[in-house]
Amino acid sequence: MDIKAYIALSLTLFTIGIIGVLVRRNAIIIFMCVELMLNAVNLLLVGFSKMHALSPIAKASLTYASDAQIFVFFIMVVAAAEVSVGLAIIVMMYRNVHTVDVNFLNRLKN
Amino acid sequence: MNITTLVFILLSVLAVGSAIMMITSKSPVNSVLWLIVVFFTISGHYILLNAQFLAIVNIIVYAGAIMVLFLFVVMLMNLNKETEPVKNYRLQLIGIVAGGALLLLIISAIMKIDAQQLVQMKVGDEGLIKSLGMNLFKNYVLPFEISSVLFLSAIIGAVVIGKKD
Amino acid sequence: MGNYFTFPDLLIWLPLLAAVFCFIAKTEKNAKTTAMLFSLVILAVSVSTLFFANDTKYINYNYVNYVWLKYLGANYFIGLDGLGRLLTLLSALGFPLIFLATSKSNFKNPAKFYGLMMLTQAGLMGVFMAFDALTFYFFWELALIPVYFLSSQWGGEKRIQATFKFFVYTFAGSLLMLIGIIYVYLHTDARVFGDGTISAHSFSLSSFYSASLSPDEQNGLFVLFFLAFAIKMPIFPFHTWQPEAYDQSPTAVTMVLSGIMVKMGLFGVIRWLIPIFPAVSPELKNGVIFLSVISIVYASCVAMMQDNIKRLVAYSSIAHIGLMCAAIFAMDQISIQGVMLQMFNHGINIIGMWIVVDIIERKTGAKKISQLSGLAASAPVLTILFLIIAFANIALPLTNAFTGEFLMFSGLYNYNKWMAAIAGIGIIISAVYTLNMVQKVFYGSVNAVTKEVNDVSLNEKMALIIIVCLIFFIGIYPQPLIDLTKDAVNNLLLRIK
Amino acid sequence: MNAIILSAVWGVVMMFCGVFIKSKSLPKYIAVAGLSIIIIVNIIELISGNSCFHFQTNDMIRTNSFNLLFITIALGCTLIYFLLSGSEIEKVGPHVGEYFALIFFVLCGVAIAATFNTLLMLFIGIEIISIPLYILTGSDKRNLKSNEAALKYFLMGAFSTGILLMGIAFIYGGNPNASFYIDKIQIGMGEMPVMIAVGLLFILVAMSFKVSAAPFHFWTPDVYDGAPTVFTSFMSTIVKVAGFFAFIRLFEYSFGVIQDQWQRLIVVITIATLLIGNITAVFQQSVKRMMAYSSIAQAGFMLLALFALNDKAKEGILLYSAAYSLATIGFFGILTKMEDYTIDGFNGLAKEQPLLGFAATIFLLSLTGIPLTAGFQSKFFMLMAAVQNGHQFWLVIAAVLFAAISAYYYFRVIQAIYFKEATQPVTQANSVTTPFKIMLVVIVALILIIGIYPEIIIGWMYR
Amino acid sequence: MNNILKLVWLIPVLPLVGFLINGLGRKLLSKSASGFVGSAVILLSFVLSLLVFLQVKNGNTATIHLFNFIHLDSLNIAFDFKIDQLSTLFLLIITGVGFLIHVYSTAYMHDEDGKDFAKYFAYLNLFVFSMLLLVMGGNYVIMFIGWEGVGLCSYLLIGYWFRNTDYTDAAKKAFVMNRIGDLGFLLALFWLISKIGTVQYDEVFTIANLAKLSPTDLTGITLLMFVGATGKSAQIPLFTWLPDAMAGPTPVSALIHAATMVTAGIYMIARSNALFSLAPQTQTIITIVGLATALLAASIAIKQNDIKKVLAYSTVSQLGFMFLALGTGNYVAAVFHVLTHAFFKALMFLGSGSVIHAMGGEQDIRKMGGLHKHMKITSITFLIGCLAIAGIPGLSGFFSKDEILAGAFGHSVLLYSIALFTALLTAFYMFRLYFITFRGEFRGTLDQKHHLHESPKAMTFPLIILAILSVIGGYIGVPEALGGYHELAAYLSPVVKSAEHHLTHGTEYMLMGLSTILVLATILFAWIKFKNYKIEGEEKGLGKFLQNKWYVDELYQTLVVNPFKSVSAFFNHTIESKVIDGSVNGIGKLVNYSSRQLRWLQSGQVGAYVLLMVIGMLLLFFIQLFL
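The listed protein sequences derive, respectively, from chains P, C, X, A and L. What the first sequence shows, in the numbering used here, is residues 1 to 110, in sequence order. What the second sequence shows, in the numbering used here, is residues 1 to 165, in sequence order. What the third sequence shows, in the numbering used here, is residues 1 to 497, in sequence order. What the fourth sequence shows, in the numbering used here, is residues 1 to 463, in sequence order. What the fifth sequence shows, in the numbering used here, is residues 1 to 627, in sequence order.
It is possible that some hints are incorrect.
[Stated by the list, open to error] Quick list of in silico lysine to any residue cross-link-like pairs, SDA-like style, CA-CA up to 20 Å: (1) Lys59(P) to Lys351(A); (2) Lys417(X) to Gly394(L); (3) Lys565(L) to Ser370(X); (4) Lys367(X) to Pro237(X); (5) Lys565(L) to Lys451(X); (6) Lys544(L) to Tyr556(L); (7) Lys589(L) to Pro237(X); (8) Lys59(P) to Gln186(A); (9) Lys351(A) to Gln263(A); (10) Lys165(X) to Phe67(L); (11) Lys115(L) to Lys486(X); (12) Lys497(L) to Ser194(L); (13) Lys4(P) to Ile94(C); (14) Lys486(X) to Tyr556(L).
Rather than coming from a laboratory, the hints here were simulated on the basis of the structure.
Bound-form chain P, shown alone (with noise of 0.2 Å):
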């Protein structure tokens, strides 16, 4: 495959993901969306190191391949942290004010 597809198809997830933060109001569905970017973005790194598997230049500057699927994996560990806390922080407010309507609370502006 060329790499453009991945590229092509990761750029779309990752932008159905913005546009998703874009247009849902409900946090747990922004926050979701979020996860959908990240997941794009982790799709994109495995194709990456695929295609460095085939460069010789990679090879010989004696990089790993495997480095990008490394990042994979943190990124999904930092993703696990952040899902955490975030879940927390809309759970808090859920309890304060009983929606998770990010345009709810709108005391800070201008």
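With the hints as your guide, set chains C, X, A and L onto chain P.
Positioned in the frame of chain P, the structure of chains C, X, A and L alone reads:
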């Protein structure tokens, strides 16, 4: 059009379609479920790329743990109903146009590249546990250790934020 | 420098010390006395510098040079040359006069007031003595900040707004100058220090003089520097902060502003702008002179229409400064020498004007010319003193301003006769508005406002008489001042030619 | 290296303090003690060049006198912050130990962000900074503003993380060396490859977000406003300058050689930041919110370092970090003592608390960039760097004109402090303690010292 | 005896001392003391001047260097006094006439209270000091110092009664108009300095330096100097201040606005005759302006009813005559006329002062009449003055005026005829004045009539002296045609070139005869017309036009003052506050406004924020990838 391409296209269509469903679903629970579908298709891609470890981790961690957590929260809050009564369609339209424009912009730039760079499919041992493990615990031991700080703060965060006082 | 003291040090540290003492003074009297005493000591020091004017012989007394920022090549380099001596003398003279004249005024928070005043003096002294661009900029701003506080704290009703405008305006100007300084700095040569360290560039005046700049760069930088100075002076069309600031500041501060502070702009042009960019293009030079001449005529015309005495004096000051600025850019020995004289003279005269204006305002409570009448009958001494100062202000012969203006006009004429002729219209208009003011305020019969006015008090009289004596002394025998600044002027001309 | 490990360790210590120590004031002293140790150890590393710990880092972090100095400044500012506002932290909520632990974790992240050598470490560093901050922002749980701020911060922060990662992915993809090391990104001297360009842009956007540069600054006013003031103080200073440091480090090492190709983007961002920050600050009535916009404006000035990317820029960013952090911490310290956060709330401060009024004035003057204060020196170095860069001279002029506008809103506060009359008590009188005042004096002294003699900081670079 | 020349500096310093004593001690001195001091110093100066004059007459001229006023490498202006024939002559006039007027003033001003009395004498002394500086200065700058100094004193003395706004208006007008002229003078000096780098007479008038000046330079410099002269000597277009200046005390009018200050312009041109002789265009202009002024002022004078105004216009007219002489190159005649005019015009002013004194301040001649009966000395001396100015043979005015007329005739007959016509007008209005005032019936109130009396001795004494001088003063310049030897011309010859006489004696006789006959006829006409003057109704037509002074003041008001004021008002109201300050404030307002607008971007909604961020990203991508 060999079988790999076919699978790739199938998975991609599925992924994009589910992603679109995810953001358009009215019910949060449906969204969660659609997202899980996306994760599964992405894992499929990983397998196609012979990144088996990540494929498994993706399913276990993301689809299994994280999304379940989401599901729990959604259920807990009893949000399984229409939660966005007022919609600003114009803003949404602008959002979609802007996102689409961004996508088009980048893709058109990327597609200008003439050289074809192939991706190694179905073979290669980079994605296997052994090589990943060797790399992770030899070269990446520092970030690995440092990540613990991240988790510690996440734990504290969950305590500080989540605890009722 | 093997000396225990140097004049520049004294001139900087004495006011600073005085400021500290004033700040901690407990009573109004203490603060006043401290300020007065210190300012007199500073005056004494400043006068004694005149006896050590020989540069080769007394170099150690007149220059202080410490390494300050080694990696940048900035030194704390201050010193006195003829120009500096003249202007430090002016500010050393101005402050005691101001204190004397306003000693009857009661300021709330006197400790702060006098402390800030002395701080201003330190800043002014530093500006006039700096030989290093960064030092110069530091003092330049240091002089500005206390004045901002003084004016905003103790001024008139609309003081905050007026002072703020003044502050932002000048601040913007000085920032532009800062860019200019940086740019020139980056084009200076390396400097080697005593301990062998080398800085890539240097801030010292001499390095600035030898900076390698293309004509295009020079023109651009000229504009940057000039904006700062033009705002400070100010000349048309950068002047609108001034009438408001003069009107709203407490008179003591107005005296500092108009008598001494505006000289910073002129000084900057003479010490920095022209020598650094000697090859400034004729178009720019013409432009500046053109602006200055407009400034003269325009400000005079506007002054004529003023009903508020303070604004009138402010506009007249703009006109005078315009002439000085034009004369500087005529770049001719006669004109620059005239500017030197006139900087000093204008300082004295305008302080005198403000003293009288202050007295009038305090005694009658009126600011408007139209409210006043017949002061000559109720306050003859004041009238006479004011007449002398007013006539000095419009450069009547045998008063100090005449010599200065004569030389300036003469130089300007050498440069361009039409400019001189147009600027000369200012002479006529200045007579018109000054006499109008004299007529309406002092002549005529007394009215309700001026009926109860008694004549000047002793300290005010003393201050005014000192000023009048100076007016006549310099008017009749200006040669000492010329001799004082002659070398500085010649050096400057060498640099230009 | 010392700082990373020790602050992580001390974070854990503080965590346990939160569990085992019931006293509310004790954690502060422990934190101060720990921080002092970290600073000392860090200075030892700065002087000797050797870390006390020997890890197999695989060159993923790299220290030099420049970034160690920066860490020292950040830690020093944090120490001052603890000493000045430590007691305010105690008032935020019941989890005092945890707050301190989070701050230590942030410091660990700051140290990573200052020394990273791979994009992975950059990512982890930024996340270690961000996640505790989300929590700190939301730490005032009952306060809806705090909730809102935390939520906004979190969502947008996560979003920007996504963008950062996308950028990293593209950089990796476009790097023939297939490496995440920032010094091994092979670009070549010609026009940069599209993949690199796309990656660079994504990273630029994400980093701009972190340093709140326009048009990616929108979170800043709301979050700074909503977060507990004492944490705003921390976030808007140490964290922010760390972001800048990482930004500059990344762009210098990775893309420094092709600076001419992306410089105009920085110009656009800088101008937008200066414009939005300065202009919007003018109209604010709440001082806290005004400070948020002011921090955007100051970011605009710091972006000049990125624009210039030369030695002067490095010196400048160090000075800026110190000057800006000190003044802002000090000012927020005073702000926490105020009854009313609006500008009118400052009316007559000088009369009621002369020292506070004076100190606030000095801080504001420093932020404005008046000579004799550290703020001047930092702006001066920034301008010098930008001029030295030689391109886009007009940007420098625009920058100083905006600096003049900044005088407009800073001086409004000064005017309130000195020239207006109070109608009600200005400060929470009982909370203005002597140690607090002493610390204010110390900060003022530091600002003046740096303002007069900046080589006290930058001199370390040339040892 | 050269020592006396070393004391020359005392001549101006003495009045200065008098000024200081009177000025500083005005509260302590009694009236008689200040009057004495004021007069005594002038007398001493006069004596010194006389001694100096004798020296100079013996050929001992000198330049006395006091100190360097301004000394630069490229310009040296010394504080020098030049004692030569021209300056000594003026010294004598100034101190002599000045002394008489001081004496006169002690009586005239006696009603003032002590302080003001001393102030008056202080000003008067200061004036004499300035005037002396003007004529004694060794270079143009010193002359300019005196030049402006007399302007100042004139201002102070015109506005002496400062409570009256009309008077202070007049003072202001005088000063401002003088300043306009002074600017011209100054510019001339700058021109000189820029061309030859010196203003010292001794250096300027050398052949080498004069050669450095191109014809344009010469014309320019002399024209500008002449502008200065028109200001000080009240010529077209700057003459309107002088009639107004009559607001001052009458002795002041006599001293300043008749005898001395107004002749400064003549002195200056005479002093610079070397320059003016080289600039024929300027001379033409001077001739035209002088003659036009003479005619204009004379025509106005015939319809004025204020006794001092008549004299003032007469002065303007006579000054016009002097300029005519200067323009025709007849410098000696001009100086001669200055001398004689000083005598008879001072005489008439003092006489009018005496009249006003007697009338209790009344100045309108329509309300006088028949005063001859009550104040014989005044009347007779006044008559002598009138005869002198009219040019009756044997009196001083005859000689000087005749010389001017002869010079004009030498130039062109047209000039001569206009000048002669003007001279006839002069005779007419002077005798109109005399007859209306001193002859016929008294037309004032009974109260005034009751108070009519001859003035005290201190006032009549100067009148008598001046009358004598008016009679004999002309004999120092008897033309050769009358068998005389023109002593004055000979005396002045080292400094001032005499005009070339190319008129035959026959022609001169004819001219003298013609003018004498016509003058006598005119006097007769005036006598018939005004010997029994009755108050007439409103003037109409030409009379009204003349009475209103050709509407020159109104013209200036419309053409110069009003436009200037509206321009200033425009500057003040529109440019200053709206345009310049408006734009400065506008920037502030703009900042405020955009601040208010920009904050709406901060809508508080995450979606909007992200949208804006995406749009920002879009822009950046677009810039980077496609631009």
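Right, here's what the structure says about each hint:
For a cut-off of 20 Å, the pair hint linking Lys59(P) to Lys351(A) is broken: about 71 Å separates their Cα positions. Of the pairs offered as hints, the one joining Lys417(X) and Gly394(L) is violated, with about 50 Å between alpha carbons and a cut-off of 20 Å exceeded. A distance of roughly 17 Å separates the Cα atoms of Lys565(L) and Ser370(X); the hinted pair therefore holds under the 20 Å criterion. Between the alpha carbons of Lys367(X) and Pro237(X) the distance comes to roughly 26 Å, so the proposed pair goes past 20 Å and is violated.
Distance restraint check for Lys565(L) and Lys451(X): the Cα-Cα separation of roughly 31 Å exceeds the 20 Å cut-off, and the hinted pair is therefore not satisfied. For the hint linking Lys544(L) to Tyr556(L), the alpha-carbon distance of about 18 Å falls within 20 Å, and the restraint holds. Between Lys589(L) and Pro237(X) the alpha-carbon distance is near 19 Å, which keeps this suggested pair within the 20 Å criterion. For a cut-off of 20 Å, the pair hint linking Lys59(P) to Gln186(A) stands: about 14 Å separates their Cα positions.
For the given pair, Lys351(A) sits about 48 Å from Gln263(A) by alpha-carbon distance, which is inconsistent with the 20 Å threshold. At roughly 48 Å between alpha-carbon atoms, Lys165(X) and Phe67(L) are farther apart than 20 Å, so this suggested pair is violated. Of the pairs offered as hints, the one joining Lys115(L) and Lys486(X) is violated, with about 45 Å between alpha carbons and a cut-off of 20 Å exceeded. Among the hinted pairs, Lys497(L) with Ser194(L) is inconsistent with the structure: their alpha-carbon atoms are about 27 Å apart, more than 20 Å.
As the CA atoms of Lys4(P) and Ile94(C) are separated by approximately 27 Å, the hinted pair breaks the 20 Å bound. With a C-alpha separation of about 45 Å, the suggested pairing of Lys486(X) with Tyr556(L) is violated against the 20 Å cut-off.
Hint compliance for this structure: hints 1, 2, 4, 5, 9, 10, 11, 12, 13 and 14 are not met, and every other hint is.
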